[in-house]
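Please work from the sequences and hints to get the whole structure.
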Amino acid sequence: MPMYTLNVPTASVTEVKKSPARIFDLAAERENAVYVFNRGSVSGVMLTQEQFEGFIRHIEELEDRLIDAEAARRLADTSVKTYTDAEVRGERSALSLPLDADDGWE
Numbered sequence: 057m058p059m060y061t062l063n064v065p066t067a068s069v070t071e072v073k074k075s076p077a078r079i080f081d082l083a084a085e086r087e088n089a090v091y092v093f094n095r096g097s098v099s100g101v102m103l104t105q106e107q108f109e110g111f112i113r114h115i116e117e118l119e120d121r122l123i124d125a126e127a128a129r130r131l132a133d134t135s136v137k138t139y140t141d142a143e144v145r146g147e148r149s150a151l152s153l154p155l156d157a158d159d160g161w162e
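Take the position in the sequence shown, starting the count at 1, then add 56; the result is the number in the numbering used here.
By construction, these hints were calculated from the structure, which means they are not laboratory data.
All residues carry an ideal CB built from backbone N, CA and C; glycine is no exception.
Heads up, none of these hints are tricks.
Here are the simulated distance ranges between beta carbons:
#1 Val64 <-> Glu116: 17 to 27 Å
#2 Ile112 <-> Lys137: 36 to 46 Å
#3 Asn63 <-> Pro154: 54 to 64 Å
#4 Ser149 <-> Tyr91: 50 to 60 Å
#5 Thr70 <-> Arg121: 34 to 44 Å
And the structure:
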């Protein structure tokens, strides 16, 4: 099996032990995660807090887009029987319920 060279910054576990801050600086400088090797194998990946939070935001955005796409797909399916609010909740659908601005929903 051919050995491929990663086109990302790398460091050894020894380098991380000596100066973790230097590895974070390298990640920031190269705008990329740093692969940490131990005896020739990747044992982990280091990135800055900003990089990590950026990945999390990106994942959340993609999940939102996936949910929106699934909702659109389901709404476009005309073979499914749908019901109105009044059909489901009867007279209670006409009631105006108080809204809690601090209920945890956006």
